[in-house]
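Undergrad: All chains should be built: construct the whole structure from the sequences, respecting the hints.
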Amino acid sequence: MNQEQFELVKNGKGFIAALDQSGGSTPKALAQYGVSEDSYSNEDEMYDLIHEMRTRVMTAPAFNSESIIGAILFEQTMDRKVEGKYTPDYLWEEKGVVPFLKVDKGLADEENGVQLMKPNPGLDELLKRANERNVFGTKMRSVVNKANADGIKKVVEQQFEVADQILSAGLVPIIEPEVNIHSEDKAESEEILKKEILNHLDNLSEDKNVMLKLSIPTVDNFYKELIEHPRVVRVVALSGGYSRDEANLKLTANEGLIASFSRGLSEGLNASQSDEEFNKMIQESVKTIYLASIT
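Taking the working numbering as reference, the numbering of the sequence shown is continuous, increasing by one, and the terminal residue is 280.
Misleading hints may appear alongside valid ones.
[To be verified] Within a straight-line C-alpha distance of at most 30 Å, the following computed BS3-like cross-link-like pairs (lysine-lysine) qualify:
{"#": "1", "residue 1": "K13", "residue 2": "K265"}
{"#": "2", "residue 1": "K139", "residue 2": "K113"}
{"#": "3", "residue 1": "K139", "residue 2": "K103"}
{"#": "4", "residue 1": "K103", "residue 2": "K113"}
{"#": "5", "residue 1": "K209", "residue 2": "K(-5)"}
{"#": "6", "residue 1": "K265", "residue 2": "K70"}
{"#": "7", "residue 1": "K66", "residue 2": "K(-2)"}
{"#": "8", "residue 1": "K103", "residue 2": "K272"}
{"#": "9", "residue 1": "K209", "residue 2": "K(-2)"}
{"#": "10", "residue 1": "K131", "residue 2": "K180"}
{"#": "11", "residue 1": "K(-2)", "residue 2": "K70"}
{"#": "12", "residue 1": "K90", "residue 2": "K13"}
{"#": "13", "residue 1": "K179", "residue 2": "K131"}
[Said to hold, decoys possible] Pairwise CB distance ranges (calculated):
{"#": "14", "residue 1": "D205", "residue 2": "N27", "range": "18 to 26 Å"}
{"#": "15", "residue 1": "K193", "residue 2": "P12", "range": "36 to 44 Å"}
{"#": "16", "residue 1": "D187", "residue 2": "S228", "range": "33 to 41 Å"}
{"#": "17", "residue 1": "I212", "residue 2": "E22", "range": "35 to 43 Å"}
{"#": "18", "residue 1": "E146", "residue 2": "N116", "range": "19 to 27 Å"}
{"#": "19", "residue 1": "Q17", "residue 2": "K272", "range": "14 to 22 Å"}
Treat the hints as calculated values from the structure; they're not laboratory data. Cβ atoms here follow ideal geometry from the backbone N, Cα and C, with glycine treated the same way.
TA: So, in structure tokens, the structure goes:
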């Protein structure tokens, strides 16, 4: 593990950019960027276009370590290059931004009010490649739709089981059990979720440290115990469908919680913008998310 990166992730001021839209979410991300589905005829062309968008974001002047601690990448982004360097090396060497990798293979169908992660038999090989590409940590997502205690318990058990596999590979896992912001019993789900997470954190040995990526809680500062837990490197928040302004406002009410926004970061960006217009929009987005993360 890179100790300099660990200290930056644990104590640095700023937020983590989520640039990890995968196969299922890429068309939507491109559409929000002003690139319609008739602009590409196959998956390869689609991924070329999303990499162009991500490259434009990462090379923007405002995308740097003054405001951004880390960036979460999609597997294909990790294996592609930005300005002649593999993306993780570009981020760290040119921008001072710590690279993470999305490692899950998507969501299973809902059962007991939750969506577990799909099986991932190739994870060990992916983690090996992540180390070769100088990636610091990983991210994996499950979803909680209802306050079903058995379902939420299974989500947390699966997340920590896979996290142990990731820790064994020398990487720091971001555990992401997202609670659907539109859930009618969101607050109750969060109560169950926090209890389950604390149970697992308390059983981790001192040499094992994880990160958490959670929906912004219904009750302000509800995740304070998780943020202060000795086995937690950092707790970051997803925007979860909120607009950037709404997500930022909710974030400021939670001390110690920092952003890890995807849509919130890319909101307002468009392929038709000039570089000046694009960079100005990125600068404004980065500034507002940064301020919400350090408030």
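Undergrad: Name the hints, by number, that the structure is in violation of.
TA: The structure breaks hints 8, 14; every other hint is satisfied.
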